[in-house]
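Engineer: Residues per chain, in single letters:
Number of protein chains: 2
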Amino acid sequence: MTTDLKLYQSNGSPNSRRVRIFVAEKGIELPQVPVDLGAKEQFSEAYVAINPRRVVPTLVLEDGPAIGEVPAIMRYLDEAFPETPLLGSSPQEKALIQMWERRMELEGFAAVMETVRNRAAGLKDRAIAGPHDYAQIPALVDRGMERVKDFYADLEARLAEAAFVAGPALSAADITAFVTIAFATGALQLGIPEANTATRRWHDGLAARASFSA
Amino acid sequence: MTTDLKLYQSNGSPNSRRVRIFVAEKGIELPQVPVDLGAKEQFSEAYVAINPRRVVPTLVLEDGPAIGEVPAIMRYLDEAFPETPLLGSSPQEKALIQMWERRMELEGFAAVMETVRNRAAGLKDRAIAGPHDYAQIPALVDRGMERVKDFYADLEARLAEAAFVAGPALSAADITAFVTIAFATGALQLGIPEANTATRRWHDGLAARASFSA
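Order-wise, the sequence lines are chains A and B.
Sequential numbering from 340 applies to the first sequence in this note's numbering.
Sequential numbering from 340 applies to the second sequence in this note's numbering.
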């Protein structure tokens, strides 16, 4: 399936990867426009006009409007291309998947991001992405590591009782959890604990899908 | 419209209020079950069985499943009762409203909450709501006040160009922004700055609606 949409994204950005995997799972062909974060292209006038929050990814629709924020981009794609839904079909499924995807993001992904941004030497006054500068707070690094460990424990408990994060079927919640683990492993050297067998089994299953290499 | 749903909520909880206003705007009659946060009822075995995150509100469906997380509860209600949509109708509307509601929450509501939880004497080891204890970080109080001021500035810029937060029509994004302002005013004595005339005009219009007293 091809579209006239454009995805502004960066290969090194974990938030961009959430959308790339989502798109690959749905089988949508979505033209990508690279945004060079190393060259600070997200702060350029052209990009800020598309996304005033100065973050990637952004989905630009054929008729103009730009959609920022990963869950909102996923929402557009799942509503506009309802085949292979990754955010559910019934009201109940949609709500439960949104609940789980959000927990994976706020308890997992955001905890990794907070740790990384409060620690990286190059982000001294950029502890929160966006239009405003905030100084790093060193205490958030230790707390962030604790939060990621708690995330792994909670995820293990969940996957011991359900095949996928949001229940019996693969959904956007799995994508966010999977990217969170890759991010924590790469940036914080916090991989899945050895003893977390339910998480490992689930992770191996996802890693075997071609779409999860997107 | 009556339902067999039940909303577990607390009158003093700003997150509960987001759902109460949402429900009132849609004209749904939703039986409420009070959760006494003062008596720490959210930590009781009975409530944790409904919401393992130990937070209010939770929406319990007729056939059993419980939906936590405010945006997920709103999603269920808007999908199950599509009259008077507050999260949009078309894919584009749904995505743009989700984007704006999320920005209001992450940049506004969450900043107020973080400030309050890192400052309240009674929440020493409860800086983040949920199943895990995290110690307060005093530096987050000052940063939180800054973030709320930045939120007010960004909201003013938005409301100078649009009638409502997400565009031409009232949506869930307005509800979250409105409750954020009440929360910041009450808990942090940070009301809408005098000079923010677009925000004041928008706020007066919402405050005049009966549903916004819910």
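These are computed hints drawn from the structure, not numbers from a lab.
It is possible that some hints are incorrect.
The calculated lysine-lysine pairs, modelled on DSS-like cross-linking and capped at a C-alpha distance of 25 angstroms, are [unchecked claim]:
#1 B:488 - A:488
#2 B:379 - B:463
#3 A:365 - A:379
#4 A:379 - A:488
#5 A:463 - B:379
#6 A:345 - A:379
All values derive from a computational prediction rather than experimental measurement.
Engineer: It remains to establish, for every hint, whether it holds in the given structure.
Structural biologist: Status of the hints after comparison with the structure:
no. : hint          : verdict
1   : B:488 - A:488 : 33 angstroms, violated
2   : B:379 - B:463 : 15 angstroms, holds
3   : A:365 - A:379 : 31 angstroms, violated
4   : A:379 - A:488 : 32 angstroms, violated
5   : A:463 - B:379 : 39 angstroms, violated
6   : A:345 - A:379 : 20 angstroms, holds
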